[in-house]
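Trainee: Sequence:
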Amino acid sequence: MRHILISAQFLSAGSGGIARVARLTLQALQGAAEISALSVEDREPYKIGNTHIRAFRGCRISFAVANALALRHADAAIYDFPGTARAHVLSRKPYALWVHGNEIWNEPNVRADYRRVIRKASLVLVNSRRTLEALTKAVDGLPPIVMCWLATEEEDAPPAAPIDGAPTLLFVGRSDSYFAKGQDILVRIWPRVLAEMPEARLLFVGGGEHLERLRALVDGSPAHPNIEVMGFVPESAMPRVWQRSSALALLGTLEGFGLVLVEAMRHGVPVITSTQDAASEVNIDGLTGYNIDRNDEDAVVRGIVTLLADRAKSQSMGAQGRAHWQTNFRPSVFRERLLAALSTRL
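Sequential numbering from 1 applies to the sequence shown in UniProt numbering.
Heads up, some of the hints might be wrong.
Okay, derived cross-link-like pairs now, SDA-like style, lysine to any residue, Cα gap no bigger than 25 angstroms in a straight line [to be verified]:
hint: 1; residue 1: Lys120; residue 2: Asn102
hint: 2; residue 1: Lys93; residue 2: Arg337
hint: 3; residue 1: Lys93; residue 2: Pro143
hint: 4; residue 1: Lys313; residue 2: Ser332
hint: 5; residue 1: Lys137; residue 2: Tyr114
hint: 6; residue 1: Lys120; residue 2: Gly83
hint: 7; residue 1: Lys120; residue 2: His73
hint: 8; residue 1: Lys137; residue 2: Ala180
hint: 9; residue 1: Lys93; residue 2: Arg54
hint: 10; residue 1: Lys93; residue 2: Arg111
hint: 11; residue 1: Lys313; residue 2: Arg337
hint: 12; residue 1: Lys120; residue 2: His3
hint: 13; residue 1: Lys47; residue 2: Glu155
hint: 14; residue 1: Lys313; residue 2: Arg240
hint: 15; residue 1: Lys93; residue 2: Arg60
hint: 16; residue 1: Lys93; residue 2: Ala112
hint: 17; residue 1: Lys120; residue 2: Glu155
hint: 18; residue 1: Lys47; residue 2: Asn102
hint: 19; residue 1: Lys93; residue 2: Asn109
hint: 20; residue 1: Lys93; residue 2: Ala13
hint: 21; residue 1: Lys47; residue 2: Ser332
hint: 22; residue 1: Lys93; residue 2: Gln276
hint: 23; residue 1: Lys93; residue 2: Gly141
hint: 24; residue 1: Lys93; residue 2: Trp105
hint: 25; residue 1: Lys120; residue 2: Ala138
hint: 26; residue 1: Lys137; residue 2: Ala32
Please keep in mind that the hints were generated in silico from the structure rather than gathered at the bench.
Whenever a hint applies, use it, and build me the whole structure from the sequences.
Mentor: Here is the structure:
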């Protein structure tokens with residue numbers, strides 16, 4: 001059995017989308033390889049399944065030394081993103097790395113050290129066609145690349161939520177300085193949604209450095225009584241949030257995949273995504289939800305009102321989304337994709 005080192009910034013639950021992909025990767029390899037795992041930023045050691053995770057509390061020097069020592073015993077390594085792969089500099093062992101999209105959206109400004117570790121990899125894993133296209137434009141001299149769609153961490157679907165309560169549009173994501181996931185658009189159009197559906201509610205879930213800016217934006221809206229900002233919600237409490245939700249909106253510009261979309265599909269919740277990033281590759285327009293130009297706010301309002309007002313349509317699209325998840329986005333399906341990709345180069 002081959003020995004694979006997995007190194008990531010975070011591997012703990014609740015640490016963001018890249019950490020979730022690292023956990024998915026680790027879990028997919030369990031049983032297929034002997035695994036060692038290192039986490040740069042996690043605070044305490046812990047286990048994922050039967051794999052011990054060594055945590056370095058943000059000490060990059062200690063991590064780099066440990067990574068080099070671990071590579072002496074490993075056959076190959078997998079890194080969560082190019083930044084972590086810089087620790088591979090002193091080893092000749094083969095390695096794969098994930099590119100998620102946000103590292104390479106700004107083509108002329110991709111960091112030189114990221115370009116270097118991408119070019120030297122034995123294999124680059126990308127999460128969507130959109131990320132693949134962006135990477136090939138941004139970096140020349142690329143090694144073999146395999147597109148590998150992501151998945152939820154849970155293999156089974158929860159029971160369908162009862163159709164009751166106020167029609168609620170859910171947003172899940174961090175608030176960054178640019179509101180790149182469309183939070184500002186949703187707040188701006190919510191008075192127009194309420195003009196057609198006075199009972200409609202907008203629910204924001206997720207932390208981020210600019211969460212208070214989002215709260216201020218909501219407080220300044222005439223629709224603020226119908227908008228709730230929950231902030232960070234732990235994984236254990238998310239099932240109750242999904243049960244409240246009639247639809248999910250993710251009107252971004254930088255999504256390389258959109259893990260929250262497949263989580264919505266697992267829960268039978270239809271989704272509204274923008275056509276400006278890879279989310280529209282995951283969502284099937286007119287079947288599992290709507291893909292809409294986020295700059296066309298009239299169309300965004302129509303899509304939201306349709307899903308919130310027509311519960312039969314919303315339920316039907318949610319069921320189609322769950323079928324899409326069942327076929328393409330369960331962890332067992334991801335495992336097959338990933339192992340097939342790694343077998344060619346590692």
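Trainee: Please verify whether Lys93 and Asn109 have alpha carbons no more than 25 angstroms apart.
Mentor: Since the Cα atoms of Lys93 and Asn109 sit roughly 28 angstroms apart, the hinted pair is violated (cutoff 25 angstroms).
Trainee: Between Lys93 and Trp105, does the CA-CA distance stay at or below 25 angstroms?
Mentor: Not OK: Lys93 and Trp105 at ~29 angstroms, beyond 25 angstroms, violated.
Trainee: Does Tyr114 sit within 25 angstroms of Lys137, going by the straight-line distance between their CA atoms?
Mentor: holds, 14 angstroms
Trainee: Given the proposed pairing of Lys93 with Arg54, does the C-alpha separation stay at or below 25 angstroms?
Mentor: This hinted pair holds, its Cα atoms lying about 21 angstroms apart.
Trainee: Holds or violated: Lys313 with Arg337, Cα cutoff 25 angstroms?
Mentor: Roughly 32 angstroms between the alpha carbons, so the hint for Lys313 and Arg337 is violated.
Trainee: Hey, Lys93 versus Ala112, does the alpha-carbon distance stay inside 25 angstroms?
Mentor: Answer holds: Lys93 to Ala112 is near 22 angstroms, not above 25 angstroms.
Trainee: Given the hinted pair Lys120 and His73, is their alpha-carbon gap at most 25 angstroms?
Mentor: holds, 20 angstroms
Trainee: Does Gln276 sit within 25 angstroms of Lys93, going by the straight-line distance between their CA atoms?
Mentor: Outside the cut-off at roughly 38 angstroms; violated.
Trainee: Given the hinted pair Lys93 and Gly141, is their Cα-Cα distance within 25 angstroms?
Mentor: holds, 20 angstroms
Trainee: Starting from Lys47, check that the Cα of Ser332 is at most 25 angstroms away, please.
Mentor: holds, 20 angstroms
Trainee: Does the alpha-carbon distance linking Lys137 and Ala32 stay inside the 25 angstroms limit?
Mentor: Violated: Lys137 and Ala32 sit about 34 angstroms apart, past 25 angstroms.
Trainee: Decide if the proposed pair is consistent with the structure: Lys93 and Arg111, CA atoms, cutoff 25 angstroms inclusive.
Mentor: holds, 23 angstroms
Violation of the numbered hints given earlier is confined to hints 4, 11, 17, 18, 19, 20, 22, 24, 26; the remaining hints are satisfied by the structure.
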